[in-house]
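Chain B: place on chain A using the hints.
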Amino acid sequence: EAGVTQSPTHLIKTRGQQATLRCSPISGHTSVYWYQQALGLGLQFLLWYDEGEERNRGNFPPRFSGRQFPNYSSELNVNALELEDSALYLCASSLVQGNTGELFFGEGSRLTVL
Amino acid sequence: ILNVEQSPQSLHVQEGDSTNFTCSFPSSNFYALHWYRWETAKSPEALFVMTLNGDEKKKGRISATLNTKEGYSYLYIKGSQPEDSATYLCAPEYGNKLVFGAGTILRVKS
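First to last, the sequence lines map onto chains A and B.
So the first sequence is numbered by the working numbering: it starts at 52 and just counts up by one.
So the second sequence is numbered by the working numbering: it starts at 881 and just counts up by one.
Hints may be right or wrong, so weigh each one.
[Said to hold, decoys possible] Counterexamples of contact, computed for chain B against chain A with all Cβ distances above 10 Å:
#, residue
1, 897
2, 902
3, 906
4, 935
5, 945
6, 947
7, 985
[Said to hold, decoys possible] Distance ranges between label pairs, derived from CB positions:
#, chain 1, residue 1, chain 2, residue 2, range
8, B, 987, A, 65, 29 to 39 Å
9, B, 989, A, 53, 32 to 42 Å
10, B, 925, A, 78, 12 to 22 Å
11, A, 165, B, 894, 21 to 31 Å
12, A, 113, B, 989, 39 to 49 Å
13, B, 947, A, 128, 35 to 45 Å
14, A, 131, B, 959, 47 to 57 Å
15, B, 909, A, 90, 23 to 33 Å
16, B, 882, A, 118, 23 to 33 Å
17, A, 91, B, 956, 18 to 28 Å
18, A, 139, B, 939, 20 to 30 Å
19, A, 107, B, 963, 27 to 37 Å
20, B, 941, A, 109, 28 to 38 Å
[To be verified] Far from chain B, by Cβ distances over 12 Å, these chain A residues were calculated:
#, residue
21, 78
22, 103
23, 108
24, 121
25, 122
26, 128
27, 135
28, 137
What the hints contain is simulated information worked out from the structure, not anything from laboratory work.
Every residue gets a Cβ at the ideal spot worked out from N, C-alpha and C, and that includes glycine.
In isolation and in its complexed conformation, chain A is listed as follows (with noise of 0.2 Å):
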């Protein structure tokens, strides 16, 4: 069984442009999490997606926004870049909805703004 996909595993941006990154969760998980971890911190709450609808978002600015599509694959778009949004970006998937099962991460994609 394929685990969570994520792309690209890089990315280089400048300041001021956009990103988006790609998640393919695990077949049959229907939630979507994003995370950030930005250099010497902790894993940061982004977004969270289930059946096609964001149900929570951290503390972080509108232009991160994302989507869910029918196949409960995940982008997440960073608009307008900032030098501190350099991080790796990882996302994760679970079969149950919420937070109430084990989450399944893949193995991130890093931006690098410029």
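Chain B alone, transformed into the frame defined by chain A:
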């Protein structure tokens, strides 16, 4: 802002040593406590999800305990092996959101 603290920040032990880490968290509105292991260049993997006060979970040489009233959890590794080298993350769950600690980095020397 919920403050989840993990200690120590890093730990270097010899193969065969037993070790333990601490995770402390706000206990109000707490639902569950997750432990994850994150090896370099891999994705975080769930170790345990614990919900009950006094709960104890075990997986091989790794075990964890939970105190929901005072808001802490201990992770124990018995007879550490080099393959245990990783960052260990705890994440209490509040509502439908996991709040991750910064992790404890474990390095086991052979």
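Comparing the hints with the structure gives:
The non-interface label for residue 897 of chain B is consistent with chain A: the shortest C-beta to C-beta separation is roughly 26 Å, beyond 10 Å. Here residue 902 of chain B stays apart from chain A, with its beta-carbon at least about 15 Å from theirs, past the 10 Å limit. A cut-off of 10 Å between C-beta atoms confirms that residue 906 of chain B is not in contact with chain A; the least separation is 15 Å. Remark: the non-interface label on residue 935 of chain B is consistent with the geometry, its nearest Cβ contact in chain A lying 15 Å away (cut-off 10 Å).
The claim that residue 945 of chain B lies off the interface holds: its Cβ sits roughly 18 Å from the closest Cβ of chain A, which is beyond the 10 Å cut-off. Chain A leaves residue 947 of chain B outside its interface by the beta-carbon criterion, the shortest separation being 20 Å against a cut-off of 10 Å. For residue 985 of chain B, the shortest C-beta to C-beta distance to chain A comes to about 12 Å, beyond the 10 Å cut-off, and the non-interface label holds. Residue 987 of chain B and residue 65 of chain A have their C-beta atoms about 36 Å apart, which keeps the hinted 29 to 39 Å range intact.
The hint said 32 to 42 Å for the Cβ distance between residue 989 of chain B and residue 53 of chain A, and at roughly 35 Å that hint holds. Between residue 925 of chain B and residue 78 of chain A the C-beta distance comes to about 18 Å, which sits within the given range of 12 to 22 Å. Between residue 165 of chain A and residue 894 of chain B the beta carbon distance is about 42 Å. The supplied range of 21 to 31 Å is therefore violated. Under the hint 39 to 49 Å, the C-beta atoms of residue 113 of chain A and residue 989 of chain B, about 47 Å apart, fit the expected range.
Evaluation of the 35 to 45 Å hint for residue 947 of chain B and residue 128 of chain A yields a pass: the beta carbon distance comes to about 41 Å. Under the hint 47 to 57 Å, the C-beta atoms of residue 131 of chain A and residue 959 of chain B, about 51 Å apart, fit the expected range. Checked against the hint of 23 to 33 Å, the C-beta distance between residue 909 of chain B and residue 90 of chain A comes to roughly 30 Å, which is consistent with it. The hinted range of 23 to 33 Å is satisfied by residue 882 of chain B and residue 118 of chain A, whose Cβ atoms lie roughly 27 Å apart.
Range check, residue 91 of chain A to residue 956 of chain B: Cβ separation about 27 Å, and the 18 to 28 Å hint holds. Taking 20 to 30 Å as the suggested C-beta distance range, the pair residue 139 of chain A and residue 939 of chain B conforms, at roughly 26 Å. With their beta carbons about 35 Å apart, residue 107 of chain A and residue 963 of chain B fall inside the hinted range of 27 to 37 Å. Between residue 941 of chain B and residue 109 of chain A the C-beta distance comes to about 34 Å, which sits within the given range of 28 to 38 Å.
Distance check for residue 78 of chain A against chain B: the nearest CB is about 17 Å away, which clears 12 Å, and the non-interface claim stands. No beta-carbon of chain B is positioned within 12 Å of the beta-carbon of residue 103 of chain A; the least distance is around 16 Å. For residue 108 of chain A, the condition that its CB be more than 12 Å from all CB atoms of chain B is violated, with the nearest at approximately 10 Å. No Cβ of chain B comes within 12 Å of the Cβ of residue 121 of chain A; the nearest lies about 22 Å off, and the non-interface call holds.
The claim that residue 122 of chain A is not at the interface with chain B holds, since no C-beta of that chain comes within 12 Å of its own (minimum 21 Å). With a closest Cβ-Cβ approach of about 21 Å to chain B, residue 128 of chain A is found to remain outside the 12 Å limit, as its non-interface label requires. Every CB of chain B lies more than 12 Å from the CB of residue 135 of chain A, the least distance being 17 Å, so the non-interface label holds. For residue 137 of chain A, the shortest C-beta to C-beta distance to chain B comes to about 18 Å, beyond the 12 Å cut-off, and the non-interface label holds.
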